[in-house]
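Between the sequences and the hints, there should be enough to build the whole structure, so can you do that?
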Amino acid sequence: MSDAPLRIIGTSVTLTEELQRQARAALGFPIVFEILDGLSCQRRGVLSPDSYDVYDQWFHSLDLLWTAGSIQPLETGRITRWPQVRVAGAATAAGQAFGTRPNELLYVQPDRTLGPQPDMRDGPRIAMLPTTYNVDSFAYSPEVSRMLRPAESESWAWLLDDRWHGRCALSLDPAASAVELALAARAAGLVNVADPGDLTIEEIDALFGLLMARKRSGHFSRFWASAEDSVRLMANSGCVIGALWSPAYYTMRGMGLDLVYAAPAEGYRGWHSGLSVSAAVSGEKLDRAYAYLNWWLDGVPGAIMARQGYYMSVADPLHDTLTANEWDYWYGGLPAAEDLPGLDAPIVVRRGERREGGSYRERVAKITAWSTIMPEHNYLIRKWREFIEG
Amino acid sequence: MPFGTYRIQEAVLGDFHNVSRTVAREVLWRLMDRRLIEKDRKSHWIVGQMTARDLRDTLEMRRLLEPQALLHVFATLSRDRIEALATRVQTAITGFPTCGPAEIDAIEQAMFGTMYDGLRNSRMLGSIHRNQISLLVPRLFRHHFPMIDDLPSLQDYAQILHHLRMGAVNVAQVLLRNHLVRVEPLTLARLRVLSLLPPPHKVAYLTAVHPEEIDV
Chain A
1 MSDAPLRIIG
11 TSVTLTEELQ
21 RQARAALGFP
31 IVFEILDGLS
41 CQRRGVLSPD
51 SYDVYDQWFH
61 SLDLLWTAGS
71 IQPLETGRIT
81 RWPQVRVAGA
91 ATAAGQAFGT
101 RPNELLYVQP
111 DRTLGPQPDM
121 RDGPRIAMLP
131 TTYNVDSFAY
141 SPEVSRMLRP
151 AESESWAWLL
161 DDRWHGRCAL
171 SLDPAASAVE
181 LALAARAAGL
191 VNVADPGDLT
201 IEEIDALFGL
211 LMARKRSGHF
221 SRFWASAEDS
231 VRLMANSGCV
241 IGALWSPAYY
251 TMRGMGLDLV
261 YAAPAEGYRG
271 WHSGLSVSAA
281 VSGEKLDRAY
291 AYLNWWLDGV
301 PGAIMARQGY
311 YMSVADPLHD
321 TLTANEWDYW
331 YGGLPAAEDL
341 PGLDAPIVVR
351 RGERREGGSY
361 RERVAKITAW
371 STIMPEHNYL
381 IRKWREFIEG
Chain B
1 MPFGTYRIQE
11 AVLGDFHNVS
21 RTVAREVLWR
31 LMDRRLIEKD
41 RKSHWIVGQM
51 TARDLRDTLE
61 MRRLLEPQAL
71 LHVFATLSRD
81 RIEALATRVQ
91 TAITGFPTCG
101 PAEIDAIEQA
111 MFGTMYDGLR
121 NSRMLGSIHR
131 NQISLLVPRL
141 FRHHFPMIDD
151 LPSLQDYAQI
161 LHHLRMGAVN
171 VAQVLLRNHL
181 VRVEPLTLAR
191 LRVLSLLPPP
201 HKVAYLTAVH
211 PEEIDV
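Protein chains in written order, with our numbering: chain A, 1 to 390; chain B, 1 to 216.
Calculated directly from the structure, the hints in this document are not laboratory data.
Be aware that a few hints might be false.
[Stated by the list, open to error] Each computed SDA-like pair below joins lysine to any residue, with the alpha-carbon atoms no more than 25 Å apart:
#: 1; chain 1: B; residue 1: Lys-39; chain 2: B; residue 2: Gln-68
#: 2; chain 1: B; residue 1: Lys-42; chain 2: B; residue 2: Met-61
#: 3; chain 1: A; residue 1: Lys-285; chain 2: B; residue 2: Met-147
#: 4; chain 1: A; residue 1: Lys-215; chain 2: B; residue 2: Thr-5
#: 5; chain 1: B; residue 1: Lys-42; chain 2: B; residue 2: Phe-16
#: 6; chain 1: B; residue 1: Lys-42; chain 2: A; residue 2: Leu-233
#: 7; chain 1: B; residue 1: Lys-39; chain 2: B; residue 2: Ala-204
#: 8; chain 1: B; residue 1: Lys-202; chain 2: B; residue 2: Arg-25
#: 9; chain 1: B; residue 1: Lys-39; chain 2: A; residue 2: Trp-164
#: 10; chain 1: A; residue 1: Lys-215; chain 2: A; residue 2: Ile-388
#: 11; chain 1: B; residue 1: Lys-42; chain 2: A; residue 2: Gly-390
#: 12; chain 1: B; residue 1: Lys-42; chain 2: A; residue 2: Ala-206
#: 13; chain 1: A; residue 1: Lys-215; chain 2: A; residue 2: Lys-285
#: 14; chain 1: B; residue 1: Lys-202; chain 2: A; residue 2: Arg-163
#: 15; chain 1: A; residue 1: Lys-285; chain 2: A; residue 2: Glu-266
#: 16; chain 1: A; residue 1: Lys-285; chain 2: B; residue 2: Pro-146
#: 17; chain 1: B; residue 1: Lys-39; chain 2: A; residue 2: Glu-202
#: 18; chain 1: A; residue 1: Lys-285; chain 2: A; residue 2: Trp-82
#: 19; chain 1: A; residue 1: Lys-285; chain 2: B; residue 2: Ile-148
#: 20; chain 1: B; residue 1: Lys-39; chain 2: A; residue 2: Glu-376
#: 21; chain 1: A; residue 1: Lys-215; chain 2: A; residue 2: Gly-189
#: 22; chain 1: B; residue 1: Lys-39; chain 2: A; residue 2: Thr-200
#: 23; chain 1: B; residue 1: Lys-202; chain 2: B; residue 2: His-143
#: 24; chain 1: B; residue 1: Lys-42; chain 2: A; residue 2: Gly-209
#: 25; chain 1: A; residue 1: Lys-215; chain 2: A; residue 2: Leu-233
#: 26; chain 1: B; residue 1: Lys-202; chain 2: A; residue 2: Glu-386
#: 27; chain 1: B; residue 1: Lys-39; chain 2: B; residue 2: His-201
#: 28; chain 1: B; residue 1: Lys-42; chain 2: A; residue 2: Ala-213
This structure is a prediction, so every number in the text was calculated from the model and none was measured.
This is the structure:
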């Protein structure tokens, strides 16, 4: 076998140090992990398929990767646990939510498009192996809690609220942030948005007119590119509310910060991650790529993901790799029976705490929109850059 | 432009092409007549950003206009020309993707450009030209990404040409309309991918502007 390592690109939230260590120990061949921020990873995935073997990132980026021909179809017959794979939200109301519904991009169709139905003629082929997923919202500090009205419901509108003017942090990724801000503007009654996952030209103009004015007034001043950035912003820069990924939230809980993760009345923004293989990979390297993909569904990676709040497309093996108390908290939505560890901290959940939103089924059912590359993405992304840079 | 909104400076445009400002302005007026560029309130020449809506709208116009144009010009199309183009398309299919992007560009120019040259209705011809911006997206795309999804289009062209050779222009019209339906989602997806590319080589007469800076 060749000594050329399997090259994985992804972000820090899935390619954690523990996951890297476990993969190297389990697979017995050299692996190189390259951690990038979300947008850089997506860009590399599309524009430089020769520079990686396995792409570990968002399902919605398939729209770009597949169209560009940067990744190759995967044979589900080579995925050992394929019959156990469940794509988040496929059979629930979340499967009808706004944005890029992951189950609708799963299978390679005879005309090379991606669709929800398997093409059985040649064995179903997929563009991305579904792995981890979650529902996202924002977190806020006790300072925000003290400013709330009695019985005030958590709402995406809070991202635009003047009560904490200038102290709001956002993600730099428009596939997530544009959806969140559309939900926020709609919830606040400031912009009439019909579908937050498919903004029209007029809606984009109206939304960014509002956002640019808010930015000029100093409301938005901080943007983050990675979970680590968001921890720095929320922990040190005076931000009291911000869009936040689950790993960053539990990292800060591990640091002793008292933040609340919101379950907005309008619903969550959902996302799904997965693994794709570069179009440039073949031979032995392809065999190793499949070995890596199969390992991801075996239970160990799922447990690592669970301890930062993420779910897995194949959940059954996690009964062997999580303790019963961990399963009950992370998946079951039950009060923690004991203090629970995170990835980098001995305690990220205190005994008696319950995950906001409930069990994984309840939380996924509350997805109102998925992260998405919108039809007017090319128009939106230029507005987004002006918003960030302006 | 798929890459954003740009201002065109007519004096610089003239200098760039070694023509007078008057000639440059005349060219710009003609482009504005074709609705390819516009003037803002400050009389700046603006080439706007291509949107998904532009592509949907112009493809809808193409589906209305081009099958009818094909019917009109059919009688004037020389059999030799159709034969030659059919052979060229078949060669591209056989050698795909080694034919390269420039050959497909040339085939599409023959299929959708010179094909309608004999059209007597100059208003229809002008409308067709104005609505063919969707051809720009696959052209840019195949010069930056592997050619994969261009093969079905070549196969569509082969079928259209086959029926023209057989004299079955009505079938060719249906196939052309079907082709223009089929490519819409692909063209829209490709436009989204183009958002990742840096703006192309800068030319002196084009200046990127943010849309809110345009005084319309």
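Consistency of the hints with the structure:
no.	hint	verdict
1	B:Lys-39 with B:Gln-68	violated (32 Å)
2	B:Lys-42 with B:Met-61	violated (31 Å)
3	A:Lys-285 with B:Met-147	holds (24 Å)
4	A:Lys-215 with B:Thr-5	holds (22 Å)
5	B:Lys-42 with B:Phe-16	holds (23 Å)
6	B:Lys-42 with A:Leu-233	violated (42 Å)
7	B:Lys-39 with B:Ala-204	holds (19 Å)
8	B:Lys-202 with B:Arg-25	holds (20 Å)
9	B:Lys-39 with A:Trp-164	violated (42 Å)
10	A:Lys-215 with A:Ile-388	holds (9 Å)
11	B:Lys-42 with A:Gly-390	holds (22 Å)
12	B:Lys-42 with A:Ala-206	holds (23 Å)
13	A:Lys-215 with A:Lys-285	violated (47 Å)
14	B:Lys-202 with A:Arg-163	violated (45 Å)
15	A:Lys-285 with A:Glu-266	violated (45 Å)
16	A:Lys-285 with B:Pro-146	holds (21 Å)
17	B:Lys-39 with A:Glu-202	holds (20 Å)
18	A:Lys-285 with A:Trp-82	holds (21 Å)
19	A:Lys-285 with B:Ile-148	holds (23 Å)
20	B:Lys-39 with A:Glu-376	holds (24 Å)
21	A:Lys-215 with A:Gly-189	holds (18 Å)
22	B:Lys-39 with A:Thr-200	holds (24 Å)
23	B:Lys-202 with B:His-143	holds (17 Å)
24	B:Lys-42 with A:Gly-209	holds (21 Å)
25	A:Lys-215 with A:Leu-233	holds (17 Å)
26	B:Lys-202 with A:Glu-386	holds (19 Å)
27	B:Lys-39 with B:His-201	holds (24 Å)
28	B:Lys-42 with A:Ala-213	holds (23 Å)
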